Amino acid sequence: MQTFHIQNMTCGGCVRGVTRAIQSVDPAARVHADVPARRVQVVSNQPREIVEATLTKSGYQAVWIAP
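Reading the sequence shown from the start, the letters are residues 1 to 67 in UniProt numbering.
The set of hints was computed from the structure by calculation and includes no laboratory data. Among the clues, some could well be false.
To be verified - So the derived label-pair ranges between C-beta atoms look like this:
hint: 1; residue 1: Gly13; residue 2: Ala66; range: 24 to 30 Å
hint: 2; residue 1: Pro67; residue 2: Cys11; range: 15 to 21 Å
hint: 3; residue 1: Ile65; residue 2: Thr10; range: 14 to 20 Å
hint: 4; residue 1: Cys11; residue 2: Pro47; range: 25 to 31 Å
hint: 5; residue 1: Gly13; residue 2: Pro67; range: 24 to 30 Å
hint: 6; residue 1: Gly13; residue 2: Lys57; range: 24 to 30 Å
hint: 7; residue 1: Gly12; residue 2: Ala66; range: 16 to 22 Å
hint: 8; residue 1: Val63; residue 2: Val25; range: 23 to 29 Å
hint: 9; residue 1: Cys11; residue 2: Asn45; range: 18 to 24 Å
hint: 10; residue 1: Thr56; residue 2: Gly13; range: 26 to 32 Å
hint: 11; residue 1: Thr10; residue 2: Asn45; range: 16 to 22 Å
hint: 12; residue 1: Lys57; residue 2: Thr10; range: 24 to 30 Å
hint: 13; residue 1: Cys11; residue 2: Thr56; range: 18 to 24 Å
Source: prediction; values computed, not measured. Virtual Cβ for every residue (Gly too), placed ideally from N, Cα, C.
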């Protein structure tokens, strides 16, 4: 599982955008978002760097949180 802090994820619309971005590189990815904490947990076959780069490219300031 990969966990990211996304400072500019503030609403349900952001969650949909984040999910859409992640699933654009891994359609089978599972995404769990915690909007108040601005945190997203991702289960994906893609490496963390790909997920993080995809989020950044989509306009979300993603910072990986080490386990």
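Inset, instruction - Hint by hint, work out which the structure violates, then give me just those numbers in ascending order. - result: 2, 6, 7, 8, 9, 10, 11, 12
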